[in-house]
Amino acid sequence: MKIIVNPNRMELLKLRKRLDLSQRGHRLLKEKLEGLVKNFMPLVDEYRRKRTQLDELIPRTLNLFALAAATSSREIVTLALEECRGEANVSMEMRKVMGVGAPTFRLDEFRLEMAYSLIATPPELDLATSELGSLLPKIIELASIEELLRRLAREIEKTRRRVNALEYVMIPEIARTKKSIEGKLEEAERGSRVRLMKVKEMLEARGM
Amino acid sequence: MSYFAIGDEETVTGFRLVGVEGRVARTPADTREALTVALGTEGVNIIVITERLAAEVQAELSRYYSLNFPLIIQIPDRAGPSGKQRSIHDIIKAAVGVTI
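Chains as they are written, first to last, in this note's numbering: chain A, 360 to 567; chain B, 322 to 421.
I should point out that these hints are in silico values taken from the structure, not numbers from a laboratory.
For each residue, glycine too, the CB sits at the ideal point set by N, CA and C.
Hints may be right or wrong, so weigh each one.
Said to hold, decoys possible - In silico lysine-lysine, DSS-like type, Cα no more than 25 Å apart, as pairs:
no. : chain 1 : residue 1 : chain 2 : residue 2
1   : A       : K455      : B       : K414
2   : A       : K557      : B       : K414
3   : A       : K391      : A       : K376
4   : B       : K414      : A       : K543
5   : A       : K557      : A       : K397
6   : A       : K409      : A       : K455
7   : A       : K538      : A       : K376
8   : A       : K543      : A       : K557
9   : A       : K373      : A       : K543
10  : A       : K455      : A       : K389
11  : A       : K538      : A       : K391
12  : A       : K373      : A       : K409
13  : A       : K389      : A       : K557
14  : A       : K409      : B       : K414
15  : B       : K414      : A       : K373
16  : B       : K414      : A       : K559
To be verified - Which bits of chain B does chain A cover? Going by a derived footprint, with three or more residues having C-beta under 8 Å, they are:
no. : region
17  : 347–356
18  : 363–376
19  : 393–399
20  : 409–415
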């Protein structure tokens, strides 16, 4: 597709400016895209590492709970549930990567009061509780990284679309239009030169 | 209070023992309801949901993911990772163009 404009010098100048701007924008966006991907990859690695770790730890801990429930009566577990108070203090800050901000949470304080009788409950339960408690900061960390990854991915997609739109649509379109205007202007110039030559010839033939 | 757990009975019991509030969900409808409750509870920053339940309510989840708040994280349940957790692979694929 070509942009529809009048083929005159004014438009040609405008188009030249637009082309220049588009090319500069394209270069900048491409650099941004590269930077984003470069920052994205280590985060993906980090995420995968932590995810694998948690994927292994969480089922193991939850199995301990099941074991505890199996070895003791339901009442004991329910009683323990009521006696248990955990308090988590979470702080939030924005983490910025390449201008993409995402909330990052950190577990500042975690207090677990195991007020239930340690004698009445099976040891598996106590172990499971303290293990799961120690997993909480890891879960929060993973969630934060995941959110950052999500946002970075969105930004990468957006930037990639812009780069492609400039590279494959905008810039070729402007370049084509510019070329066609140049062609038309040249044609007009040739036309007027021929006309001048003709006029001169006619004047000379009349002996003026 | 900043975590909220949605999962099967064992998962939620476990999280309750460490002081995390939660809701047991058995059907997709339960899960949806639990999500609404979690979003409505003040001070909830992170929703912990088991992969199995999350897989059933993908559509809602993706809508919640586009909110900035709270963060949602999927964890495996007792049976271990289901390998069904597509969302993060999908976003990596969309961003980089390849699955890794």
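Hint-by-hint comparison with the structure:
1. A:K455 <-> B:K414: holds, 22 Å
2. A:K557 <-> B:K414: Not OK: A:K557 and B:K414 at ~67 Å, beyond 25 Å, violated.
3. A:K391 <-> A:K376: Holds, because 23 Å separates the two Cα atoms, which is no more than 25 Å.
4. B:K414 <-> A:K543: Outside the cut-off at roughly 47 Å; violated.
5. A:K557 <-> A:K397: violated, 65 Å
6. A:K409 <-> A:K455: Measuring from Cα to Cα gives roughly 20 Å; hence the hint holds.
7. A:K538 <-> A:K376: Roughly 14 Å between the alpha carbons, so the hint for A:K538 and A:K376 holds.
8. A:K543 <-> A:K557: With Cα atoms ~21 Å apart, A:K543 and A:K557 stay inside 25 Å; holds.
9. A:K373 <-> A:K543: holds, 16 Å
10. A:K455 <-> A:K389: Holds: A:K455 and A:K389 sit about 20 Å apart, inside 25 Å.
11. A:K538 <-> A:K391: violated, 30 Å
12. A:K373 <-> A:K409: violated, 53 Å
13. A:K389 <-> A:K557: violated, 53 Å
14. A:K409 <-> B:K414: Given that 25 Å is the threshold and the Cα spacing comes to 19 Å, the pair holds.
15. B:K414 <-> A:K373: Since the Cα atoms of B:K414 and A:K373 sit roughly 40 Å apart, the hinted pair is violated (cutoff 25 Å).
16. B:K414 <-> A:K559: violated, 71 Å
17. 347–356: violated (count 0)
18. 363–376: holds (count 3)
19. 393–399: Held - the region 393–399 of chain B has 6 residues with a Cβ nearer than 8 Å to chain A, which meets the minimum of three.
20. 409–415: holds (count 4)
Hint check: violations occur at hints 2, 4, 5, 11, 12, 13, 15, 16, 17; the rest are consistent with the structure.
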